[in-house]
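Using the sequences plus the hints, can you model the full thing?
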Amino acid sequence: MKFSYSLIKKLSPRLPNISKAAETLNLYSFEVEDAAGDLLDIALPANRYSDAASHLGIARELSAALGKPLKNPVKLIVNPPSDQGLIEVEVENKAACPRYAARVFEIKKMPATPLWMKNVLKTCGVKSINGVVDLMNYVMLEVGQPLHAFDFDKIADKRGRHADKRGKFQRNSALSQHKSASIIVRKAKKGERIETLDGQRLELDANDIVIADASRAIAIAGAKGGANSGVDGKTRRIVVEAANFDPVRIFKTSRRLKLATDASIRFSHGLSPALVDFGMDRVTELLKKSGAKLVDSVDVYPRRAGDEIIEFDAEKYENFIGAAVSPAKAKKIFARLSFAVVKARTNADKKSASISRNQHKSAFLVRVPAWRTDIENPEDLMEEIARFVGYNKLKPQAPAISLKPAEEEDIVVFKDRMRKFLSGAGLNEVYNHSFSAEGGSAAVELENPISSEFKNLRQSLAGGLIKNVKDNGRFFDEVRIFEIGKVFKKTKSGVGEKLNLGVAIGARKKSFIREVKGIVDDLLKGLGVADFYMAESGAGNLQIEIDKKIIGNIKIVDVGKGLPAGRQGWVATVGEMNLDAILPIVEEERAFKPLPKYPAVMRDVSILLPADVRIGRVLEVIDGASSEIAENVDLVDEYVDKKFDGKQSLTFRIIFQSEERTLTDAEVNRDLSKIIAALKKSFKAEIR
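Reading the sequence shown from the start, the letters are residues 179 to 866 in this note's numbering.
Errors might be hidden in some of the hints.
Below, computed lysine-lysine pairings styled on DSS-like, alpha-carbon distance capped at 27 Å [as the list claims (entries may be wrong)]: (1) K471 to K287; (2) K507 to K539; (3) K249 to K467; (4) K494 to K412; (5) K246 to K509; (6) K510 to K726; (7) K249 to K198; (8) K648 to K187; (9) K726 to K676; (10) K633 to K664; (11) K467 to K188; (12) K645 to K593; (13) K180 to K300; (14) K494 to K510.
Worth flagging that the hints you see were computed from the coordinates, not collected in a lab.
Here it is, written out as structure tokens:
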């Protein structure tokens with residue numbers, strides 16, 4: 179945010195040069211991005227806009243850091259004229275507009291903007307318009323409260339009176355001179371249109387808040403005034419608005435309409451309703467100096483924002499920060515920040531500050547002004563003291579607590595094991611957006627999407643992986659990737675969230691269904707998952723099952739469309755699994771047992787089978803035919819040749835072992851015979 183250092187020095191005349199000021203802000207308050215000539219460009223944190231998005235706020239920070247006096251330019255306007263019948267304000271949605279204040283002024287002529295004020299506006303990137311508008315912008319820059327001026331005679335009364343048949347407003351007519359202006363803060367009507375002061379014609383929706391009279395919208399709340407109520411050279415009566423709006427609504431409206439203004443940026447970060455007094459009283463003083471007369475006012479403020487009373491304890495500060503501060507020094511710093519030290523006089527004060535009965539001398543109460551919205555608890559007060567004492571003055575100390583070794587996080591170890599295995603299998607890890615355009619009844623739609631392409635949370639990893647294969651297919655002959663990430667779907671109770679693993683291998687005119695299946699097979703076995711099954715799911719695709727529950731799938735996708743000539747015909751083999759369903763099984767499988775006492779016997783069986791017989795089915799038959807001494811079965815070789823006449827050669831390694839005795843050849847051969855007989859019966863297998 180841009181600031182004029184000449185204006186800051188008016189508020190605190192004893193400040194050093196701009197370079198020293200920038201160094202001070204960097205050390206104690208905010209990061210200064212640029213300091214040249216009269217310009218200070220400061221990166222404000224999001225929670226400090228209420229008190230620091232103003233020249234007064236920056237001057238206060240510098241004065242507190244350097245111990246220099248501060249001049250507050252705001253003078254309280256006591257008992258302004260009100261209830262004169264010139265203006266009425268109705269706030270329909272008080273949650274969207276917690277406070278709305280308006281004052282009516284008579285001006286003899288449009289005031290001239292002094293050169294020094296134009297220079298301040300120029301430094302801050304604000305264009306000079308006319309004397310009234312420039313005053314509104316200047317006060318916003320000075321004290322942080324956005325203001326807006328309407329032409330009083332362009333605002334209709336409650337009955338909508340004020341326009342002739344052509345829709346033009348009668349200026350200086352008898353009706354005009356005696357009418358009252360009616361302002362309504364309401365939701366926009368769906369499809370309602372407004373032309374802004376800069377000539378944009380915008381269509382509003384029901385989520386937008388507008389300032390309106392009885393007949394039409396005259397401004398977009400917190401963002402931009404309407405051309406139909408703008409102040410010009412003929413204006414003789416103005417209505418000055420100082421209000422407070424819900425930051426979320428202002429942000430959404432500004433984002434949707436692409437209407438980022440100095441006011442909308444401030445309101446979007448959240449301002450305190452207490453700033454309305456600063457802005458209104460300051461602009462009243464400046465308008466009076468220019469010859470204007472205050473004739474009426476109204477302030478709709480149903481729930482007044484009060485100051486916070488919080489306890490500060492120097493002993494707790496030392497325990498929390500690790501350095502000591504005297505109560506006297508802490509009080510001095512609070513005074514520089516415009517915080518007041520108070521005594522607990524009532525039970526309400528004690529309750530709000532949570533003070534114990536045995537309060538000791540190091541503790542006292544601090545009244546935090548309502549405009550410091552970032553201060554909520556004692557720790558926030560401690561942070562204020564620490565930064566103005568100086569973080570660089572805090573001496574490093576060893577922690578006075580016992581340290582415990584870090585606990586092993588199962589999901590982290592789980593993901594690391596998978597990454598190591600998949601990288602070793604020649605796959606590269608990718609990270610894709612958690613947002614997608616994928617719709618459907620289960621889609622979780624974002625309230626404020628960054629674009630139409632990313633309006634929903636993704637329901638699977640496959641979409642991103644397929645796009646990765648297609649994008650990289652322009653430059654590589656083969657793409658081998660994997661991703662571990664969250665996917666989301668609507669459920670009856672809200673939004674369901676799962677951790678998935680996705681694997682994709684793509685190339686031109688080549689399917690990798692067997693390789694992806696092998697990778698998944700080896701991965702699950704490596705993780706300790708013993709009982710899983712891959713079943714055909716139509717069109718050559720597979721589904722992965724554990725305990726008769728589908729936890730993933732492997733499919734072939736055509737990705738050649740859209741690739742340049744010579745690169746078409748690409749296909750991707752994509753596998754995806756639900757890791758949340760696998761992790762509990764892996765944890766169960768992580769059991770330890772003693773090494774076997776008795777030796778194992780290994781037998782290899784080579785068979786010829788029809789090519790359409792699935793390996794998973796063969797394993798099922800072997801498992802069903804073997805007795806308890808068959809410890810494990812693995813496929814160790816797979817071979818296809820034309821001489822096999824449409825058949826495939828498979829070699830299985832069967833390991834026999836007993837925990838009670840050494841097995842004899844007769845026992846092993848008897849069990850192996852049962853397995854061979856079952857294979858012949860089920861598949862008419864030929865033993866090689």
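Each hint, compared with the structure:
1. For the given pair, K471 sits about 12 Å from K287 by alpha-carbon distance, which is consistent with the 27 Å threshold.
2. With a C-alpha separation of about 14 Å, the suggested pair K507 and K539 falls inside the 27 Å cut-off, and the hint holds.
3. The straight-line distance between the Cα atoms of K249 and K467 is roughly 19 Å, inside the 27 Å bound, and the hint therefore holds.
4. Straight-line distance between C-alpha atoms of K494 and K412 comes to about 62 Å, which puts the hinted pair past the 27 Å bound.
5. Restraint check for K246 and K509: satisfied, since their Cα atoms lie roughly 16 Å apart, inside the 27 Å limit.
6. Under the criterion of a C-alpha separation no larger than 27 Å, the hint pairing K510 with K726 is inconsistent with the structure, at around 71 Å.
7. Straight-line distance between C-alpha atoms of K249 and K198 comes to about 20 Å, which keeps the hinted pair within the 27 Å bound.
8. Using a Cα cut-off of 27 Å, the hinted pair K648 and K187 is violated, with the two alpha carbons roughly 59 Å apart.
9. At roughly 19 Å between alpha-carbon atoms, K726 and K676 fall within 27 Å of each other, so this suggested pair holds.
10. Taking the CA atoms of K633 and K664, the gap is near 16 Å; set against the 27 Å cutoff, the hint holds.
11. Restraint check for K467 and K188: satisfied, since their Cα atoms lie roughly 18 Å apart, inside the 27 Å limit.
12. Restraint check for K645 and K593: satisfied, since their Cα atoms lie roughly 23 Å apart, inside the 27 Å limit.
13. For the suggested pair K180 and K300, the alpha carbons sit about 10 Å apart, so the restraint of at most 27 Å is met.
14. A hinted pair counts as satisfied when its Cα atoms are at most 27 Å apart, and K494 with K510 qualifies at roughly 18 Å.
The structure is inconsistent with the numbered hints 4, 6, 8, although it conforms to all the rest.
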